[in-house]
Amino acid sequence: MTATLIQSPLHELHTQHGGQMVDFAGWEMPLRYGSIIDEHNAVRTRGGVFDVSHMGRVAIKGRHARRLLEIACSRKIYDMEEGQCRYSLMCNERGGVKDDVLVYRHDSDDFLVVVNASNRVKILEHLAALVAERDLTCAIDDQTLSTAMIAVQGPKVMDFISGFSSEIPALKRYRFTTKNLMVMKVLVSRTGYTGENGVEAILPAKAVGMAMKLILKDVDLDAADAPVKLAGLGARDSLRLEAGMPLYGHELGEDINALASGLGFAISLDKMDDDRGEAFVGMEALRATRDAGGPERVLVGLKLEGKRVARGGAVVQASGADVGEVTSGCLSPTLGYPIAMAYVDRAQCEIGNGLVVSTGRAEIKSEVVAMPFYKAPKA
Amino acid sequence: MSYPDDRVYTSSHEWHLEQDGVVTLGLTSFAVDQLTDVTFVDLKPAGTQLDKGDALGEVESVKTTSDVYSAVGGEIIEVNQQVIDNPALLNEDAHGEGWLVKIKVSDASGLADCVDAATYEKEHAH
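Same order as they appear, the protein sequences are chains A and B. Going by my numbering, the letters in the first sequence line up with residues 1 to 379, in that order. Going by my numbering, the letters in the second sequence line up with residues 1 to 126, in that order.
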């Protein structure tokens, strides 16, 4: 481990609980505390607490804050309400994806954007360049190192949280609230990256250790029936995969057309038709792709036979010909069979289509299935 | 982590326990811990002839896929069906119930290149 890695404000908590620390986008973060599968199952059945402080947190304030986001984001910002979060892409001029982000609207001139750790510096530069180029008036404040972020996810976590707050469990999906807890400001949103019910909280880096002690004071994290368990990045990856959520660097990237990623809901190609709207970076390229009939390859979910896993880079074949490539895969702990996401030729994307995945070690029969692979039962 | 001193270890993290010309072979707890949860084990069947250094199977985990190598030449006379049926056995008991194969040894020369438990532990245990 090199000395240049950034440590989370919760570093001590991780090492106290046996976290296996790994380099994740320049951060020293816990891959797991024990078994990744146990952590995964805890989140599906009860609850898990994730440290996601590596995610970038960028405040954008000022007269043109909304316009800046309107230009950078593929989704409408102007019709967001105060206290609302919205998932969006930020694209490059070619229609590739610079990042997938969550925009939080405090007010018409006050926003927060949560970006991927691996893209934080790039997005800060991108936004600063747009400000200069369009002559906008707004302040961009990277709050990543002065704050921490935790995710509490799972079917039982709202019961757990109701022990601390009556307001938070009443939050609607993709809404947030700002609470003053003692002397610290805490932002809590009904969001997550696991497909489960739950919240994410942003709070001052200096206070998060104490806050975690308070929240977990009556919890034996190692007990089999603990309401919540610490969960690492390993479980976070298999959970998001079961939930059919893309991961930047795998399903999303600068050279992957945004329209191919199954995120059509997050791309508003008519955004500038409203007088408050604005053409976003990459929109012209994406319109051209749409007008030409869509991208050549699209993202699909695959269900594989047997127990072998197809990982990113495995080749997808139909009748002996290469028709695509796997971007992520795992043996789904919840479903018991291997699942994968893959980009395949549009002609091969029909649900039920049979495809072969060649891993280099084995050829595995698979079938195109709908995503999400796993949907949590309604509470 | 503790390593039984009745057997020898390779730098590729297999343990070899020789008894009456038969080597029982498995992965070390260090290797299994690095792999994280094992999800799939594929072993060559009984009857397979191995040269020393040959791969005898593969182990897949949540994070990665690895080959398993034999330090001895010989014939696989038994594979552990239990570990194939329940790969988590490797995580639970890598040095015992999680053994992989038994090999009737015809070339034991590779065992001389293996190290004892204390040396293996010094090199790999954290």
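Just so you know, the hints here were simulated from the structure itself, not pulled from any lab data. On a predicted model such as this, the values are computed, not experimentally measured, just so you know. Take the hints with a grain of salt, since some may be wrong.
What the hints assert, rightly or not - Straight line, CA to CA, 35 Å or less: simulated DSBU-like cross-link-like pairs of lysine-lysine:
hint	chain 1	residue 1	chain 2	residue 2
1	A	Lys-206	A	Lys-61
2	B	Lys-104	B	Lys-52
3	A	Lys-213	B	Lys-44
4	B	Lys-63	A	Lys-206
5	A	Lys-172	A	Lys-61
6	A	Lys-303	A	Lys-378
7	A	Lys-213	A	Lys-185
8	B	Lys-63	A	Lys-303
9	B	Lys-63	A	Lys-122
10	A	Lys-307	B	Lys-104
11	A	Lys-156	B	Lys-102
12	A	Lys-206	A	Lys-172
13	B	Lys-44	A	Lys-365
14	A	Lys-307	B	Lys-44
15	A	Lys-378	B	Lys-63
16	B	Lys-44	A	Lys-217
17	A	Lys-365	B	Lys-102
18	A	Lys-185	A	Lys-378
19	B	Lys-44	A	Lys-303
20	B	Lys-122	A	Lys-365
21	A	Lys-375	B	Lys-104
22	B	Lys-63	A	Lys-307
23	A	Lys-365	A	Lys-213
24	A	Lys-303	A	Lys-217
25	B	Lys-122	B	Lys-63
26	B	Lys-52	A	Lys-307
27	A	Lys-217	A	Lys-206
28	A	Lys-307	B	Lys-102
29	A	Lys-172	A	Lys-213
30	A	Lys-179	A	Lys-307
31	A	Lys-365	B	Lys-52
Stated by the list, open to error - Restraint ranges, calculated between C-beta atoms of paired labels, are given here:
hint	chain 1	residue 1	chain 2	residue 2	range
32	A	Glu-363	B	Asp-85	18 to 24 Å
33	A	Thr-177	B	Ser-11	51 to 57 Å
34	B	Ile-84	A	Asp-225	52 to 58 Å
35	A	Thr-4	B	Lys-122	41 to 47 Å
36	A	Ala-224	B	Pro-4	27 to 33 Å
37	A	Gly-249	B	Glu-78	42 to 48 Å
38	A	Tyr-337	B	Asp-54	26 to 32 Å
39	A	Ala-318	B	Gln-19	49 to 55 Å
40	A	Ala-362	B	Glu-78	19 to 25 Å
Positions of the beta carbon are idealized from the N, C-alpha and C atoms, including for glycine.
Holds or violated: Lys-63 (chain B) with Lys-307 (chain A), Cα cutoff 35 Å? It holds: about 14 Å lies between the C-alpha atoms, which stays within 35 Å.
Quickly compare the C-alpha distance for Lys-365 (chain A) and Lys-102 (chain B) to 35 Å and report which way the hint goes. 31 Å, holds
Are the Cα positions of Lys-44 (chain B) and Lys-303 (chain A) separated by 35 Å at most? Cα-Cα ~26 Å, so holds.
Distance restraint between Lys-303 (chain A) and Lys-217 (chain A), which requires alpha-carbon spacing of 35 Å or less: 41 Å, violated
Against the range 27 to 33 Å, how does the distance between the Cβ atoms of Ala-224 (chain A) and Pro-4 (chain B) compare: consistent or not? 29 Å, holds
What's the verdict on Lys-172 (chain A) and Lys-213 (chain A), does the C-alpha distance respect the 35 Å limit or exceed it? This hinted pair holds, its Cα atoms lying about 27 Å apart.
What's the verdict on Lys-63 (chain B) and Lys-206 (chain A), does the C-alpha distance respect the 35 Å limit or exceed it? Status holds; Cα separation ~33 Å.
Regarding the pair Lys-156 (chain A) and Lys-102 (chain B), is the alpha-carbon distance no greater than 35 Å? The hint is violated at about 46 Å.
Given hint Lys-52 (chain B) paired with Lys-365 (chain A) - CA-CA distance at most 35 Å: This hinted pair holds, its Cα atoms lying about 33 Å apart.
35 Å limit on alpha-carbon distance, applied to hinted pair Lys-172 (chain A) and Lys-61 (chain A): Given pair Lys-172 (chain A), Lys-61 (chain A) holds - Cα atoms ~25 Å apart, limit 35 Å.
Just to be careful, I want the Cα atoms of Lys-206 (chain A) and Lys-61 (chain A) compared with a cutoff of 35 Å; is the pair within it? Status holds; Cα separation ~23 Å.
Just to be sure I understand the hint, the distance between the Cβ atoms of Thr-4 (chain A) and Lys-122 (chain B) should be within 41 to 47 Å; is that true here? 29 Å, violated
Hint compliance for this structure: hints 3, 11, 16, 20, 21, 23, 24, 30, 34 and 35 are not met, and every other hint is.
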